[in-house]
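Grab the two chains, each in its own frame, and use the hints to assemble them into the complex.
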Amino acid sequence: MKIREVARLMGAEVLCGEESLDLEVTRAFAADLMSDVLAMVQEEGVLLITGTVVPQVVRVAEVMSMGAILFVRGKRPSAATVNYAAEVGIPLLATDKIMFEACGILYSRGLLPAKRKALPRENGPRD
Amino acid sequence: MAPATKALYKQVFPVKSDLESAGKVSTEVRRILRSLGVEPEVVRRAGIVCFEGEMNIALYTKGGRIILIVRDDRVELLFSDRGPGIADIDLVKQPGYSTAPDWARELGFGAGMGIPNMEANSDRFVMYSRVGVGTVIRATIFRRCHETCGGNRAPGT
Chain A
0 MKIREVARLM GAEVLCGEES LDLEVTRAFA ADLMSDVLAM VQEEGVLLIT GTVVPQVVRV
60 AEVMSMGAIL FVRGKRPSAA TVNYAAEVGI PLLATDKIMF EACGILYSRG LLPAKRKALP
120 RENGPRD
Chain B
0 MAPATKALYK QVFPVKSDLE SAGKVSTEVR RILRSLGVEP EVVRRAGIVC FEGEMNIALY
60 TKGGRIILIV RDDRVELLFS DRGPGIADID LVKQPGYSTA PDWARELGFG AGMGIPNMEA
120 NSDRFVMYSR VGVGTVIRAT IFRRCHETCG GNRAPGT
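For the protein sequence lines, the chains are A and B, in the order given.
Take 0 as the starting number for the first sequence in numbering that gives the first Met the number 0 and just add one per residue.
Take 0 as the starting number for the second sequence in numbering that gives the first Met the number 0 and just add one per residue.
Everything labelled a hint here was simulated from the structure, so no lab data went into it.
Hints are supplied without guarantee of correctness; some may be wrong.
Subject to a maximum C-alpha distance of 30 Å in a straight line, what follows is the list of computed DSSO-like cross-link-like pairs (lysine-lysine) [as the list claims (entries may be wrong)]:
(1) A/K74 to B/K15
(2) A/K114 to B/K23
(3) B/K9 to B/K92
(4) A/K116 to A/K1
(5) B/K23 to B/K9
(6) B/K23 to A/K1
(7) B/K23 to B/K92
(8) A/K96 to A/K1
(9) A/K74 to B/K23
(10) A/K114 to B/K92
(11) A/K74 to A/K116
(12) B/K23 to A/K116
(13) A/K116 to A/K96
(14) B/K92 to B/K61
(15) A/K96 to A/K74
(16) B/K5 to B/K23
(17) A/K114 to A/K74
(18) A/K114 to A/K1
(19) A/K96 to A/K114
(20) B/K92 to A/K116
The calculated label-pair distances, taken between Cβ atoms and stated as ranges, are [claimed, not checked]:
(21) A/G109 to B/R129: 48 to 58 Å
(22) A/I104 to B/P83: 42 to 52 Å
(23) A/A79 to B/E105: 12 to 22 Å
(24) A/G10 to B/V135: 46 to 56 Å
(25) A/A117 to B/T4: 31 to 41 Å
(26) B/V125 to A/R108: 45 to 55 Å
(27) B/G95 to A/G109: 32 to 42 Å
(28) A/E17 to B/R64: 37 to 47 Å
(29) A/K114 to B/L7: 25 to 35 Å
(30) B/S16 to A/D21: 38 to 48 Å
(31) A/E86 to B/K61: 25 to 35 Å
Just so you have them, the derived chain A footprint on chain B, three or more residues with Cβ under 8 Å [stated by the list, open to error]:
(32) 8-17
(33) 22-28
(34) 36-49
(35) 110-117
Think of the CB as a built atom: it goes at the ideal place given N, C-alpha and C, for glycine as much as any other residue.
Bound-form chain B, shown alone (with noise of 0.2 Å):
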């Protein structure tokens, strides 16, 4: 893996687990990373991948945090909730599994597509999780931005 570069910018939000503000945190992520002039297809995934995850947090867990770090290449999201914790995560992988209950499923949520595609929109997708403690998920999404950086290409790429 190569060596991540220097932040340009970092800011901690935190989640309630509450649904009227779910949303806020991806929108603001979304501003901060057009100002800073992050690639729109990057600003996109990096949107999308936020709103998935804040959804989970808002409404699945007992709150967390959202980080947003942006570099020369990439931009990092890592989410962190503070239980219930994810007993089989190759599980929640799989597109079209839910435990969302049915108040989740009438807000046009829960489908079993939140996870799936959080890792569908990021380059790199890690994620941890222990019963009664909570999950943690590092989304990396790679700025190709080969002749602006000085070549910091992503590996791969």
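Bound conformation, chain A alone (with noise of 0.2 Å):
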């Protein structure tokens, strides 16, 4: 799906990377907790759809390789955060949907969501 149609099904403000919403995010994944960002999401070009808003958000994006970040209910990053994202070239998006429907919403128009990444011994023996 391209990230233009991800911000108009939003209702979303673009942040930044207004230049690149004609690129297509592959998948989705949602979390508000950037550890299991960092260990479940195997895939690249994936969308973060988020509630956390704090500077790191965009450089786990960076480290992952992924798409764009959907902000959800209404949050915003700092301006420094949207300038480092712009720098780097995430696009974020801003809406002031709650994650359950913005989840709800993209999932019905086609969005797959992301594949998990086993966690560490999760299909290991019990020990």
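Here's what the structure looks like:
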């Protein structure tokens, strides 16, 4: 799904990355816990849906080669965070919708969930 | 253990006990690895390992440093800090075990996934700690460049 389409469906404000709106996000992962994003996302170009607005969210997205970030629940990151995202080329969107609604709409329009990587030792023997 | 090949690149990054700048070293390490032409999958894993290690130093220690060493056949990340140290390493390697304060959890971290995730993304992971002194970690990620680096294959691959 194109980032532009995500923004339209969410009625989202584009905080930065206007020039990248025609790029595609492959799948989506929704979490407020960055630890889970770091441990579970395995593909590149994934849309991160989150209500966490600390500067590290953009760094996590950068480290994980994610396609874009959608902030939910009316949360807005600081100007410094937006500037950093613009610098490293990660589009930021912000919607007033809650995470459940945002996910529901995007899923119903065909955006697929990210594949979840098994947690370390999840499939291993219990010790 | 196969002898390590010559270091192609080495850099030391200080890490402050400060959340504001946490993550900077990891993004810099990623840029360096990419510019050196390191394989994208290796860059990705090194980025995750470095970020988790950097967050640990920034969130829980009095500061420390990360050393990046790039070799023909592997990327090494060495983490060291100035304490407080970890009493039970087996415990912190368990997914979900965390000593994180509430403020770290409110930032979206501290779920007890950091060290297990570092280990999961490394081919070799060695960790030593002494309470009151500090913790050192060596994480190694092999570059599976069978054709281009003269058969320097990682053991077991």
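Status of each hint after checking the structure:
About 28 Å separates the Cα atoms of A/K74 and B/K15, which keeps this hinted pair within 30 Å; it holds. The hinted pair formed by A/K114 and B/K23 meets the criterion: a straight-line CA distance of about 27 Å does not exceed 30 Å. Taking the CA atoms of B/K9 and B/K92, the gap is about 28 Å. The hint holds against a cut of 30 Å. Under the criterion of a C-alpha separation no larger than 30 Å, the hint pairing A/K116 with A/K1 is consistent with the structure, at around 24 Å.
Pair hint B/K23 plus B/K9 holds up; C-alpha atoms about 17 Å apart against a cutoff of 30 Å. With a CA separation close to 29 Å, the supplied pair B/K23 and A/K1 stays within the 30 Å bound. Of the supplied pair hints, the one linking B/K23 and B/K92 holds, its CA atoms being roughly 25 Å apart against a limit of 30 Å. Restraint check for A/K96 and A/K1: satisfied, since their Cα atoms lie roughly 19 Å apart, inside the 30 Å limit.
Restraint check for A/K74 and B/K23: satisfied, since their Cα atoms lie roughly 23 Å apart, inside the 30 Å limit. Of the supplied pair hints, the one linking A/K114 and B/K92 holds, its CA atoms being roughly 24 Å apart against a limit of 30 Å. The suggested pairing of A/K74 with A/K116 holds, with an alpha-carbon distance near 28 Å, which does not exceed 30 Å. Of the supplied pair hints, the one linking B/K23 and A/K116 holds, its CA atoms being roughly 25 Å apart against a limit of 30 Å.
Our distance criterion of 30 Å between C-alpha atoms is met by A/K116 and A/K96, whose separation comes to about 27 Å. Between B/K92 and B/K61, the direct Cα distance comes to roughly 21 Å. Compliance with the 30 Å bound is thereby established for this hinted pair. Simply put, A/K96 and A/K74 have alpha-carbon atoms about 10 Å apart, close enough for the 30 Å limit, and the pair holds. A threshold of 30 Å between alpha carbons decides the hint, and for B/K5 with B/K23 the separation of about 27 Å falls inside it, so the pair holds.
A distance of roughly 26 Å separates the Cα atoms of A/K114 and A/K74; the hinted pair therefore holds under the 30 Å criterion. Distance restraint check for A/K114 and A/K1: the Cα-Cα separation of roughly 19 Å lies within the 30 Å cut-off, and the hinted pair is therefore satisfied. With a CA separation close to 24 Å, the supplied pair A/K96 and A/K114 stays within the 30 Å bound. Our distance criterion of 30 Å between C-alpha atoms is met by B/K92 and A/K116, whose separation comes to about 18 Å.
At roughly 53 Å, the beta carbons of A/G109 and B/R129 sit within the given window of 48 to 58 Å. Checked against the hint of 42 to 52 Å, the C-beta distance between A/I104 and B/P83 comes to roughly 46 Å, which is consistent with it. With their beta carbons about 19 Å apart, A/A79 and B/E105 fall inside the hinted range of 12 to 22 Å. About 50 Å separates the C-beta atoms of A/G10 and B/V135, a value consistent with the hinted range of 46 to 56 Å.
The hinted window of 31 to 41 Å between A/A117 and B/T4 holds, with their beta carbons roughly 32 Å apart. The hinted range of 45 to 55 Å is satisfied by B/V125 and A/R108, whose Cβ atoms lie roughly 47 Å apart. Checked against the hint of 32 to 42 Å, the C-beta distance between B/G95 and A/G109 comes to roughly 34 Å, which is consistent with it. Checked against the given bound of 37 to 47 Å, the beta carbons of A/E17 and B/R64, roughly 38 Å apart, stay inside it.
Restraint check, A/K114 to B/L7: a C-beta distance of roughly 33 Å satisfies the suggested window 25 to 35 Å. B/S16 and A/D21 have their C-beta atoms about 42 Å apart, which keeps the hinted 38 to 48 Å range intact. Judged by the Cβ atoms, the range 25 to 35 Å given for A/E86 and B/K61 holds: they are separated by roughly 30 Å. Under the rule that three or more residues need a Cβ within less than 8 Å of chain A, the assignment of the stretch 8-17 of chain B is violated, with 0 such residues.
Counting residues of the stretch 22-28 of chain B whose CB lies closer than 8 Å to any CB of chain A gives 4, which reaches the minimum of 3, so the coverage claim holds. Only residues whose C-beta sits within less than 8 Å of a C-beta in chain A count toward coverage, and the stretch 36-49 of chain B has 4 of them, enough to reach three; the restraint holds. Coverage of the stretch 110-117 of chain B by chain A holds [criterion: at least 3 residues with CB-CB distance below 8 Å; count 6].
The structure does not agree with numbered hint 32 stated previously, though it agrees with all others.
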